[in-house]
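In case you want the letters, here they are:
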Amino acid sequence: MGDMSRYVYRGADDKSFVTRRIGGETILVPVTAEVADLDSVYTLNEVGSFVWDLIDGRRSAQAIAEAVSAEYDVAIEQATLDVDELVTALEAKGLARRDARLGRNS
Amino acid sequence: MAAYHELTAWLRADVPTLKLSRDALDEARRHGVHLLVADRAGRAGRGLVDGFDELARELRAAAIVEALRTHELRRVVVALADHDISALLFKGAALAHSVYPQPYLRPSTDSDILIRPRDRDTFFDILRRMGYQPEARTTGDLIMPQRCMTRRAGPLTHVIDVHWKLVNPVLYADRLTFDTLWSNAVGVPSLSTSARMPDLADHLLISCLHRLAHHQNTSHLIWLYDIHLLASGLDERRRRSVVERGRASHLEGVCHVGLTMAEDAFGGVDSLLRQAFAAAGDRDAVPDAFLSPDASQVSLLQQDWRALRGLKPRLRLLREHLFPPVAYVRTVYPRIPAALVPLAYLLRVVRGAPKWFGSRT
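So the protein lines, in turn, are chains R and E.
To convert, note that position 28 of the first sequence is 55 in my numbering; the numbers rise steadily by one, no gaps.
To convert, note that position 85 of the second sequence is 177 in my numbering; the numbers rise steadily by one, no gaps.
One-sided excerpt, in silico: chain R residues whose CB lies under 8 Å from chain E:
no.	residue
1	V45
2	T46
3	R47
4	I54
5	V58
6	E61
7	A63
8	L65
In short, the hints are calculated from the structure, not lab data.
Ideal placement from N, C-alpha and C gives every residue a C-beta, glycine not left out.
Take the sequences, apply the hints, and build the full model.
Pasting the structure below:
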């Protein structure tokens, strides 16, 4: 499991991204050196979109899990596992990163 | 025409209840309004459209492409602001971010930017430094006051159309100047804090003008939908502005045609607005050449010829048509050696003649 106490930011140092929302889904497309990586397009469902909206560099992964638990009425243990899984997947695509420092998305 | 009318009726309904046929859906794709159909069916009921799943995939792809184009356009806008160049976004991208419920519902293949003529070279330099190249097209201030710049970025090609006049036909090229539009311009915050576009009243004039000046009154629905959205969203003060500015710029006839076509297709156009332009009469009557998609290129050339005063500009008009830059001719005829370029010019005239005299459709 990743460090849930760290703050979660959108994007990574060498990547930016574009997003669009269709219905309840959010589409994320990584962009590196101003070229889109269409092989890494990521689609978030409603819960994933909720998590994405909370990723702002001011909330820890644990705080996001607590928000998910409250919003969707699921046990905090399950929400923690789900949020960690999603954030880890987003990190792998360069769409999110965790940092010990509090900040905000650039 | 049955599919066309079925489609417009379906889009006109506040909440569609009838099922849209395959033919009407194909018509929607031809007219660039299929993403609007997808959006509405997604909200009102997937069963309302045959082949909704395919349409939903198109909508998703369009959203991705639009997001990437917007990302790129933002870079361009910021670069222009960094160099203190005033620029106005107009047509597709500007409308997508101002009057459409979601920007990806308004398809466009390029981004149109209007600048002052004196800023051309600086803008082209900026775009070149960003990786853009000019597309091989004929040039000439009278016949083509715009240049298309493209940049390949992986699977996408970004296209920026740089205009220093709003439209190409001489008759209409200076009806709305950059400075006039700039004085009423508004921000496009969803795109960038630096982005500016003509306000909605001016944009209604532009949308009415564009479809006549560049597409000779074709009934292409996405342009009529632009007009429908613009006209139906204006408050009383803005409607008055449209009428005042339309009259001041001698675009009454142009507005009357556009608003009437949009009303016929989608409704929602204020009747007082249409009536205000209906009395244009002979003052601002639109020449026939701009009213039929079948009009020949020669009939449009005649309009340019008549709009120019004096022999010198008219000769320049002919020269720009007959003798485009060598670089362009060599791109069109790459196999002809440099010594035989005059032959390429002749070949171009001979080959082009049938297109000039025939119907454009």
